[in-house]
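Make the full structure from the sequences, and use the hints.
Number of protein chains: 2
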Amino acid sequence: MERPESSTLHAVSDVPDVPDVPEVPESGESATKRRLLDAAERLFAERGFAGTSLRAVTEAAGTSVSAANYHFGTKQALLRAALLRRVAPVNRARLAALDALEAEAGDEPPAVELLLEAFLRPALEMRSDSPERVARIRQVAARLHTDPPDHMAGLARDLFRPVHERFVDALARALPERSRQDVEVAYHFTVGVLVHLISGHLDSCQERDPDPRADSEVMLRRLIRYAAAGLRAAGELQPGIGRARLQGVTS
Amino acid sequence: MERPESSTLHAVSDVPDVPDVPEVPESGESATKRRLLDAAERLFAERGFAGTSLRAVTEAAGTSVSAANYHFGTKQALLRAALLRRVAPVNRARLAALDALEAEAGDEPPAVELLLEAFLRPALEMRSDSPERVARIRQVAARLHTDPPDHMAGLARDLFRPVHERFVDALARALPERSRQDVEVAYHFTVGVLVHLISGHLDSCQERDPDPRADSEVMLRRLIRYAAAGLRAAGELQPGIGRARLQGVTS
DNA sequence: GTATGTTTCGAACGATCGTTCGAACCCCCG
DNA sequence: CGGGGGTTCGAACGATCGTTCGAAACATAC
Numbered sequence: 434m435e436r437p438e439s440s441t442l443h444a445v446s447d448v449p450d451v452p453d454v455p456e457v458p459e460s461g462e463s464a465t466k467r468r469l470l471d472a473a474e475r476l477f478a479e480r481g482f483a484g485t486s487l488r489a490v491t492e493a494a495g496t497s498v499s500a501a502n503y504h505f506g507t508k509q510a511l512l513r514a515a516l517l518r519r520v521a522p523v524n525r526a527r528l529a530a531l532d533a534l535e536a537e538a539g540d541e542p543p544a545v546e547l548l549l550e551a552f553l554r555p556a557l558e559m560r561s562d563s564p565e566r567v568a569r570i571r572q573v574a575a576r577l578h579t580d581p582p583d584h585m586a587g588l589a590r591d592l593f594r595p596v597h598e599r600f601v602d603a604l605a606r607a608l609p610e611r612s613r614q615d616v617e618v619a620y621h622f623t624v625g626v627l628v629h630l631i632s633g634h635l636d637s638c639q640e641r642d643p644d645p646r647a648d649s650e651v652m653l654r655r656l657i658r659y660a661a662a663g664l665r666a667a668g669e670l671q672p673g674i675g676r677a678r679l680q681g682v683t684s
Numbered sequence: 434m435e436r437p438e439s440s441t442l443h444a445v446s447d448v449p450d451v452p453d454v455p456e457v458p459e460s461g462e463s464a465t466k467r468r469l470l471d472a473a474e475r476l477f478a479e480r481g482f483a484g485t486s487l488r489a490v491t492e493a494a495g496t497s498v499s500a501a502n503y504h505f506g507t508k509q510a511l512l513r514a515a516l517l518r519r520v521a522p523v524n525r526a527r528l529a530a531l532d533a534l535e536a537e538a539g540d541e542p543p544a545v546e547l548l549l550e551a552f553l554r555p556a557l558e559m560r561s562d563s564p565e566r567v568a569r570i571r572q573v574a575a576r577l578h579t580d581p582p583d584h585m586a587g588l589a590r591d592l593f594r595p596v597h598e599r600f601v602d603a604l605a606r607a608l609p610e611r612s613r614q615d616v617e618v619a620y621h622f623t624v625g626v627l628v629h630l631i632s633g634h635l636d637s638c639q640e641r642d643p644d645p646r647a648d649s650e651v652m653l654r655r656l657i658r659y660a661a662a663g664l665r666a667a668g669e670l671q672p673g674i675g676r677a678r679l680q681g682v683t684s
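Just so you know, the protein sequences line up as chains H and D, in that order.
Okay, so the first sequence: first residue is 434 according to my numbering, each after it adds one.
Okay, so the second sequence: first residue is 434 according to my numbering, each after it adds one.
What the hints contain is simulated information worked out from the structure, not anything from laboratory work.
Just so you know, not all the hints are guaranteed correct.
Identical copies look the same in the list; a pair holds intra-copy or inter-copy alike.
[Unchecked claim] Within a straight-line C-alpha distance of at most 25 Å, the following computed SDA-like cross-link-like pairs (lysine to any residue) qualify:
#1 Lys508 - Leu487
#2 Lys508 - Ala483
#3 Lys508 - Ser497
#4 Lys508 - Ala489
#5 Lys508 - Ser486
#6 Lys508 - Val498
#7 Lys508 - Asp591
#8 Lys508 - Arg480
#9 Lys508 - Glu535
#10 Lys508 - Glu479
#11 Lys508 - Ser463
#12 Lys508 - Pro542
#13 Lys508 - Asp540
#14 Lys508 - Leu653
#15 Lys508 - Arg467
#16 Lys508 - Ala464
#17 Lys508 - Arg468
#18 Lys508 - Arg488
Here is the structure:
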């Protein structure tokens with residue numbers, strides 16, 4: 434067999450929902466493969482998919498272009514593998530935290546803040562070996578939401594749909610007086626805040642705590658507070674706001 | 434003179450803050466130039482900067498590559514011009530609405546909802562000739578926040594900094610019991626929600642009103658409600674949330 | 001008509017893109 | 001020592017990239 438097509442690549446990329454990859458992914462996989470994934474993760478996060486050349490990835494990984502094509506067959510497959518390596522554990526941690534929350538709460542639904550923490554914390558504190566790599570991993574996940582082309586959109590929807598469904602359900606139960614659609618829209622608003630935060634576009638406008646752990650923690654607290662208030666206000670009757678007061682853009 | 438370097442291109446690209454381009458930009462500008470901007474706007478929105486070739490733009494515009502380079506000199510300058518054509522009016526409308534709000538309010542600061550409407554409505558209801566083009570224009574503006582490379586980041590910061598400063602000031606005055614940093618972070622959270630909404634990444638997960646005007650209006654109402662609640666909760670003391678309750682991702 | 005300056009085009013440049021191919025390499029079992 | 005499957009590499013492929021250049025097409029003024 435020329436390429437390990439059926440061993441690792443398709444095992445993690447053909448499953449539509451969160452795949453059951455082992456915790457330490459294939460300890461017997463070659464070092465070149467891991468270095469390629471590391472370099473692809475970093476460069477795709479920094480420059481996007483179309484903006485990153487396969488040669489730039491292989492140079493950063495210290496190998497050759499043909500090695501990348503031997504292991505992954507395609508530039509797009511390399512991106513998928515690099516993405517799944519980071520996103521799948523986050524979504525698994527999210528669902529595990531939600532399971533624990535619901536098991537502990539029994540009948541009555543958990544509080545909104547706890548549900549938000551279960552959803553947001555795994556994304557903000559991704560498991561990583563080196564601490565300074567966390568920022569890049571976040572960017573990869575954020576790029577999955579911001580890169581436009583089809584290879585991204587479909588993959589993102591398949592990866593996150595089960596997570597979204599379960600959390601919207603739980604949030605709707607925690608907010609029984611709000612309609613499900615209100616909760617769903619507010620949930621997607623929260624996803625927007627999270628994506629914008631982990632994209633790093635907030636870093637340049639805001640002084641951050643030098644310690645990334647402490648910074649993640651305070652940002653998580655702020656994020657939970659903001660989103661919880663927004664979710665609770667989702668279906669409220671709104672006081673009259675003069676919309677005719679603004680001129681010039683009502684076309 | 435070979436190229437109109439000092440007439441239109443630099444007049445809209447060298448000014449750091451919102452440039453004073455006329456409302457109808459240079460009615461005497463060639464039709465080719467406008468068709469190039471239209472095509473660039475559409476393709477950059479759909480496929481991003483690196484993912485769009487100059488030839489794809491010129492083919493969609495029905496001209497030649499050399500025409501694009503004659504008018505703009507560079508692919509990046511073409512993107513800047515296409516971006517500025519849409520973003521500058523939005524930011525001008527934002528500041529005008531804020532001016533009107535503050536002039537009307539007199540001494541006491543305007544309500545948070547009114548400030549948010551002044552900031553959000555121009556972005557959601559961009560002035561446009563054809564209604565179905567609004568979606569693409571939104572994507573262009575959103576891409577300005579999501580595309581990673583430097584040519585975007587610097588441009589976005591320069592374009593939006595004065596807007597951000599003035600709105601954070603006004604919001605801080607409207608929320609005197611909150612610290613300025615709390616308001617600033619919550620404001621950036623709100624920007625994140627807006628960017629995610631206008632990127633179109635919410636469209637696939639949510640049924641939308643068939644009438645884009647009505648859809649924009651209901652989404653604007655939801656957005657204002659969500660962000661106002663989040664902003665008001667920005668500095669509140671937080672009830673104890675057991676953070677040790679989540680396991681598996683605390684690395 | 002000619003002259004002048006602006007706009008558009010086709011052709012081509014060198015560079016880089018993703019991908020392919022065959023030879024060399026390595027490691028381990030015979 | 002010999003051989004074979006799994007890896008890696010350099011070289012090259014055709015395609016496409018952004019940019020440049022000189023000539024044609026154009027309008028306008030004399």
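Cross-check of the supplied hints:
For the identical chains of this complex, Lys508 and Leu487 are neighbours both inside a copy (7 Å) and across copies (22 Å), given an alpha-carbon limit of 25 Å. When the C-alpha separation of Lys508 and Ala483 is checked against a cutoff of 25 Å, the pair qualifies both within a copy, at 10 Å, and between copies, at 15 Å. Taking the shortest Cα distances, Lys508 and Ser497 sit within 25 Å of each other inside one copy (13 Å), while across copies they are farther apart (30 Å). Taking the shortest Cα distances, Lys508 and Ala489 sit within 25 Å of each other both inside one copy (12 Å) and across copies (22 Å).
Proximity of Lys508 and Ser486 under a CA criterion of 25 Å is satisfied in both settings, with 9 Å inside one chain copy and 19 Å between copies. Proximity of Lys508 to Val498 under the C-alpha cut-off of 25 Å is restricted to the intra-copy arrangement: shortest distance 10 Å within a copy versus 28 Å between copies. In this assembly of identical chains, the alpha carbons of Lys508 and Asp591 lie at most 25 Å apart only when taken from the same copy (20 Å versus 34 Å across copies). Taking CA atoms no more than 25 Å apart as the test, Lys508 paired with Arg480 passes in both settings, with 14 Å inside one copy and 17 Å between copies.
For a Cα distance limit of 25 Å, the shortest separation of Lys508 from Glu535 qualifies neither inside one copy, at 40 Å, nor across copies, at 53 Å. In the homo-oligomer, the alpha carbons of Lys508 and Glu479 lie at most 25 Å apart both inside one protomer (16 Å) and across protomers (20 Å), since each shortest distance falls under that limit. For the homomeric pair Lys508 and Ser463, the shortest alpha-carbon distance inside one copy (18 Å) is at most 25 Å, but the shortest distance between copies (41 Å) is not. Taking the shortest alpha-carbon separations for Lys508 and Pro542, neither the intra-copy value of 44 Å nor the inter-copy value of 54 Å comes in at or below 25 Å.
In this assembly of identical chains, the alpha carbons of Lys508 and Asp540 never lie at most 25 Å apart, being 48 Å within a copy and 59 Å across copies at closest. With identical chains, the CA atoms of Lys508 and Leu653 are never at most 25 Å apart, being 34 Å at best within one copy and 39 Å at best between copies. In this assembly of identical chains, Lys508 and Arg467 lie within 25 Å of each other by CA distance solely inside one copy; the values are 15 Å within and 35 Å between copies. In this assembly of identical chains, Lys508 and Ala464 lie within 25 Å of each other by CA distance solely inside one copy; the values are 19 Å within and 39 Å between copies.
When the C-alpha separation of Lys508 and Arg468 is checked against a cutoff of 25 Å, the pair qualifies only within one copy, where the shortest distance is 15 Å, while the shortest distance between copies is 33 Å. Taking identical chains as interchangeable, the C-alpha atoms of Lys508 and Arg488 lie at most 25 Å apart whether they share a chain (10 Å) or sit on different chains (23 Å).
The structure fails to meet hints 9, 12, 13, 14 from the earlier list, while all remaining hints are met.
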